[in-house]
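Quick note, the sequences are listed as chains F and B, same order.
To convert, note that position 8 of the first sequence is 8 in UniProt numbering; the numbers rise steadily by one, no gaps.
To convert, note that position 105 of the second sequence is 105 in UniProt numbering; the numbers rise steadily by one, no gaps.
Hints were generated in silico from the structure; no laboratory data involved.
Possibly wrong hints are sitting among the right ones.
A pair counts as met if it fits within one copy or between any two copies, since identical chains are not told apart.
With a Cα cut of at most 30 Å, we get these calculated DSS-like pairs of lysine-lysine [claimed, not checked]: (1) Lys325 <-> Lys307; (2) Lys86 <-> Lys51; (3) Lys16 <-> Lys33; (4) Lys45 <-> Lys380; (5) Lys311 <-> Lys325; (6) Lys44 <-> Lys307.
Protein chains: 2
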Amino acid sequence: MNKFTYYNPTKIEFGKEKENNIGEYLKQSNIKKVLLVYGGGSIKKNGLYEKIITSLNRNNIKFEELSGVVSNPVLSKVYEGIELAKNNEIKAILAVGGGSVVDSAKTIAAGVKYDGDVWDFFINKAQILKALPIFTVMTLSATASEMNGNAVIINDDTKQKYSISSVLINPTISIINPELMATVSKEYLAYSAVDVIAHCIEVYFTATIHPHFNSRLVESIIKTVIETTEILLKNPNDYDARAEFAWAATQGLNGLTPTGTKDGNFPNHMIEHSLSALFNVAHGAGLAVVIPAWMKWYKEKNISQFKRFAKEIFNNNDENVGIEKLENWFNKIGAPITLNDINISRKEIEALADNAYETAKVWGMDTIYSKEIILKILEKA
Amino acid sequence: MNKFTYYNPTKIEFGKEKENNIGEYLKQSNIKKVLLVYGGGSIKKNGLYEKIITSLNRNNIKFEELSGVVSNPVLSKVYEGIELAKNNEIKAILAVGGGSVVDSAKTIAAGVKYDGDVWDFFINKAQILKALPIFTVMTLSATASEMNGNAVIINDDTKQKYSISSVLINPTISIINPELMATVSKEYLAYSAVDVIAHCIEVYFTATIHPHFNSRLVESIIKTVIETTEILLKNPNDYDARAEFAWAATQGLNGLTPTGTKDGNFPNHMIEHSLSALFNVAHGAGLAVVIPAWMKWYKEKNISQFKRFAKEIFNNNDENVGIEKLENWFNKIGAPITLNDINISRKEIEALADNAYETAKVWGMDTIYSKEIILKILEKA
Numbered sequence: 001m002n003k004f005t006y007y008n009p010t011k012i013e014f015g016k017e018k019e020n021n022i023g024e025y026l027k028q029s030n031i032k033k034v035l036l037v038y039g040g041g042s043i044k045k046n047g048l049y050e051k052i053i054t055s056l057n058r059n060n061i062k063f064e065e066l067s068g069v070v071s072n073p074v075l076s077k078v079y080e081g082i083e084l085a086k087n088n089e090i091k092a093i094l095a096v097g098g099g100s101v102v103d104s105a106k107t108i109a110a111g112v113k114y115d116g117d118v119w120d121f122f123i124n125k126a127q128i129l130k131a132l133p134i135f136t137v138m139t140l141s142a143t144a145s146e147m148n149g150n151a152v153i154i155n156d157d158t159k160q161k162y163s164i165s166s167v168l169i170n171p172t173i174s175i176i177n178p179e180l181m182a183t184v185s186k187e188y189l190a191y192s193a194v195d196v197i198a199h200c201i202e203v204y205f206t207a208t209i210h211p212h213f214n215s216r217l218v219e220s221i222i223k224t225v226i227e228t229t230e231i232l233l234k235n236p237n238d239y240d241a242r243a244e245f246a247w248a249a250t251q252g253l254n255g256l257t258p259t260g261t262k263d264g265n266f267p268n269h270m271i272e273h274s275l276s277a278l279f280n281v282a283h284g285a286g287l288a289v290v291i292p293a294w295m296k297w298y299k300e301k302n303i304s305q306f307k308r309f310a311k312e313i314f315n316n317n318d319e320n321v322g323i324e325k326l327e328n329w330f331n332k333i334g335a336p337i338t339l340n341d342i343n344i345s346r347k348e349i350e351a352l353a354d355n356a357y358e359t360a361k362v363w364g365m366d367t368i369y370s371k372e373i374i375l376k377i378l379e380k381a
Numbered sequence: 001m002n003k004f005t006y007y008n009p010t011k012i013e014f015g016k017e018k019e020n021n022i023g024e025y026l027k028q029s030n031i032k033k034v035l036l037v038y039g040g041g042s043i044k045k046n047g048l049y050e051k052i053i054t055s056l057n058r059n060n061i062k063f064e065e066l067s068g069v070v071s072n073p074v075l076s077k078v079y080e081g082i083e084l085a086k087n088n089e090i091k092a093i094l095a096v097g098g099g100s101v102v103d104s105a106k107t108i109a110a111g112v113k114y115d116g117d118v119w120d121f122f123i124n125k126a127q128i129l130k131a132l133p134i135f136t137v138m139t140l141s142a143t144a145s146e147m148n149g150n151a152v153i154i155n156d157d158t159k160q161k162y163s164i165s166s167v168l169i170n171p172t173i174s175i176i177n178p179e180l181m182a183t184v185s186k187e188y189l190a191y192s193a194v195d196v197i198a199h200c201i202e203v204y205f206t207a208t209i210h211p212h213f214n215s216r217l218v219e220s221i222i223k224t225v226i227e228t229t230e231i232l233l234k235n236p237n238d239y240d241a242r243a244e245f246a247w248a249a250t251q252g253l254n255g256l257t258p259t260g261t262k263d264g265n266f267p268n269h270m271i272e273h274s275l276s277a278l279f280n281v282a283h284g285a286g287l288a289v290v291i292p293a294w295m296k297w298y299k300e301k302n303i304s305q306f307k308r309f310a311k312e313i314f315n316n317n318d319e320n321v322g323i324e325k326l327e328n329w330f331n332k333i334g335a336p337i338t339l340n341d342i343n344i345s346r347k348e349i350e351a352l353a354d355n356a357y358e359t360a361k362v363w364g365m366d367t368i369y370s371k372e373i374i375l376k377i378l379e380k381a
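Chain F extracted, bound-state conformation (with noise of 0.2 Å):
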């Protein structure tokens, strides 16, 4: 077992009606203006921007707004927050919606304590040292963005999609309602549960310890997934499967999974955020997409783990019907697992390469992930 720290102090609200207490909560924080960040608009029409902003009024909140934030955040959004929250003496950011809000609040958060550019901090040029809390209540679960220090941006300028962590931007309190997400499409909802899986086994098959408690945490989280998302297919007002669900999610982000672990790494995300990157794809698509044909081209590397997970998931003690399961799960949940499905051709995948080993080299991983080695991938895709 490995030596690590281990520090999350982000508060989970968890349950019904929490989002109406936002207010209180900010006001426990002793903050008294907020920049209120969401996306296209949905929260006005279902209600939950109306009780946000109730809640804000009742406790004598002020704030500002950014909407508009999309999936695939885009930096170019995140300046118009950065500049917003800079004129507007912004004490805190209120991000209302899933990991795209969330990623977009917290680079916010960073870039307003930041006299340089915020993107220096996705090209490892600096460093977080201050942020402004964050507060949020989420509308999706999926990247546990709610309960984590990552932050995902896409570079609209660079076609570059790239990350920050930092335990700065771990939000303050989130708040996580279930029957907020109980309108989330099955589309979606597929797409969290490849997203959740995928953080899940990444740092599974390719750590070089990896103990054997870690092991079943993760496959507690898999298993949960695969139960609850086949129940929320056929009826997604069950409030009890979308609360596990959104739990697990949680759990399979926030740090918990890798503790202990060793050189654990990110090869299905850093391919996928090309495919975000550069054709605007779903990210929890994109990783239906990566993740089986990367499991075939890895498993002989790591032969005993995936043997491992076909018994523990699926029940078969072959590590090949393993692989195929996991593949025909995510088509029977309705996730595309080929770059056909997502309507990508064979002439785009040298770009895609391209863009991905740029990836592989600002996180560290060109050694393993050559050029050479992401186009042998695809091809299996």
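Following the hints, put chain B in place on chain F, whose structure we already have.
This is chain B only, laid out in the frame that chain F set:
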């Protein structure tokens, strides 16, 4: 799934040699003077004391000492610590030891900031509103006290073993170096294993709502404890087994496993506390006696979860076999499983039941656990 708040701001520093940085961690937290709390002095024999002092001195951290904390820690020692801390401008408590030392440190930390009698917190006469920061270096893993806000103390006057719980007494930083635990006796390892399993199964069996995800987390911890205990009984120096045991123990009572459950309670702890309080039985030993008896009495009330337990932990479909196998396992690792094994005779059962019923009242469990019911359970032991 029930609503919940999850907040655990304790930072864990896990791994070899981390204790050498305790001075640096304190310095980073702006602490200039600590009260060093420890037990019977084994840390002086094995060199840990020397390492801690060296680290403190290197960072110009002054300290006072409180030694002699016993397992089943007593209130009189806590009073002594509070007095020492108040008279010496102590800014933090540094606990070096196992759960008893940490629980004493937490109680001192709360007591220093309270004008009344610290026992008020234990009998629900007052609430903890402030506490000194707490730092720990663990030498035994079992109670998860290193990552929660719980403390259990015996009032040596009244023979009450009661507890407090507040996030204000969560340690700021806890150091877990599994190497420091290599000298734990086989007896205490067994007791620790029982204690961790007890933490896991209390809510697992008693909650009226218990999501599958939580059951899987609990089962992950129990499987890990069983696996690693068996390795450690053969080879106490197996670092990885010691490390997995330690981290599983921490997860067993850091607030994660009961998230989203409803109405779970701690009857085995409740009854065991009377064994410790009246007969100074080691906590884990007492639990090993109480648990099988309680399970036999309770199983009808939650038969599906007892069947699940038998299946998941012992791969058997019969709930009675699950209980029997756990009892046998306690026996196999050297824990007592009857009152007779710990030299408590039938005529003492009455006094035990009286004492436990008093705890039931303080814990709000007296509607289920009448004196007659407690007697019935003790009869099975």
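State the violated hints by number, sorted upward, taking the hints as numbered earlier in the document. Failing hints, ascending: 4 and 6.
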